[in-house]
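Q: Chains A and B are the protein sequences, given in the same order. Per this note's numbering: the first sequence = residues 1 to 154. Per this note's numbering: the second sequence = residues 1001 to 1172.
Just so you know, the hints here were simulated from the structure itself, not pulled from any lab data. There could be a bad hint or two in this list.
In the EDC-like style, the derived pairs of lysine to aspartate or glutamate whose C-alpha atoms are separated by at most 16 Å in a straight line are [claimed, not checked]:
| # | chain 1 | residue 1 | chain 2 | residue 2 |
| --- | --- | --- | --- | --- |
| 1 | B | Lys-1161 | B | Glu-1106 |
| 2 | A | Lys-36 | B | Glu-1023 |
| 3 | A | Lys-18 | B | Glu-1129 |
Stretches of chain B that chain A covers, calculated by requiring three or more beta carbons in the stretch to come under 8 Å of a beta carbon on chain A [to be verified]:
| # | region |
| --- | --- |
| 4 | 1003-1010 |
| 5 | 1030-1039 |
| 6 | 1105-1111 |
For every residue, glycine included, the Cβ atom is placed at its ideal position computed from N, Cα and C.
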Amino acid sequence: MNSEYQKNLEARIDRALKALPDLPAPRHLLPQVMQKIARLNSLPWYQQPWQAWPVALRATTLAFLLASCGGLCIACWQLTRAAGFAAATQEIAQTFSGITAIWNTVNVLLTALVLVLKHFGTAFIIGCCAAFAFGYAICVGLGTACVRLAYSRR
Amino acid sequence: MQQYQNMVFSTAMRLLANQTDAEDIAQETFLRAYEHFDEIRQSPTAGGWLKRVATNLCLNHLSRYRARWSFFSDLLGSQHEADSEPIEFAAPDDLSEKLEIADRHEVVEHALQKLPTAQRVSLVLYHLEGLRYEEIAAKLNVSLGKVKTDIFRAREALRKKLRARLAEDVVT
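Take these sequences, add in the hints, and give me the full structure.
A: Pasting the structure below:
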């Protein structure tokens, strides 16, 4: 590619584009923006974004949130030191013991499946995948044929 | 706002090539400006701020449809390459002379808006927004090579469109 030609073209396109004046904005643009601003302003303060709230309210809510967060942290910490905490956690663990049993069973089944697959070897796995893909393709093909048949009879 | 409305609208229109989307982006830009009114009221760079916000909003808007337009861009690009013809070496003053005959700005504007999105966006960011190739690649999240190719193709397409359009105008 001729670099002289490219430079020349770049310079001319640059001149042509930079010489373009601004396009006139539609007349309704400004009224629409003003309308939206008026609508935003007419909303009560609590429906406006937090950044638009009065400074005093922003400071109050921020302080309230920080205090709540701190209070929650302290409450949790105190709870762990409470007398009945150990008994309560044990009770919760017993409630969810069923889930642990299910998880253990699934784990054993998956391990067994992996062992079986390892026993049969890679060729068997590839064969299974191919059979599955073949079956899927047949289903798609049959489905397509049925749809075509149904629509062609209309 | 009145002072900048054309500039903001033009920026959006040249990047998006769609009147409705450009209006939406212009509105959104002014609403953002209203939110930051205290900061930009006295700022001498308010125009630059508005232009940057409009450009970023346009790029965000385009990125939502990016998968679609980059696919078509690549498709058109490969088609373009397939039937690529030897590049004509136009006489230096040929184009500028013809541009003086026709309504230059309207023709350029029209040709610009007819470019494929990927090419138009890169071209506008390079020539009108003054970004470097690397910055454009980073903003559009594409490779540097793609940006350079898109800009080169855009210039070529623009040149061809302008020549064709101006030839028509001269005949009629």
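Q: Confirm or reject each hint.
A: Taking the hints in turn, this is what the structure says about them:
For the hint pairing B:Lys-1161 with B:Glu-1106, the CA-to-CA distance comes to about 13 Å; that is within 16 Å, so the pair holds. For the given pair, A:Lys-36 sits about 14 Å from B:Glu-1023 by alpha-carbon distance, which is consistent with the 16 Å threshold. Straight-line distance between C-alpha atoms of A:Lys-18 and B:Glu-1129 comes to about 10 Å, which keeps the hinted pair within the 16 Å bound. Beta-carbon proximity to chain A at under 8 Å applies to 6 residues in the region 1003-1010 of chain B; the threshold of 3 is reached and the given coverage holds.
With 4 residues carrying a beta carbon less than 8 Å from a beta carbon of chain A, the region 1030-1039 of chain B meets the three-residue requirement, and the given coverage holds. For the region 1105-1111 of chain B, the stated coverage by chain A is satisfied: 3 residues place a CB nearer than 8 Å to a CB of that chain, which reaches the threshold of 3.
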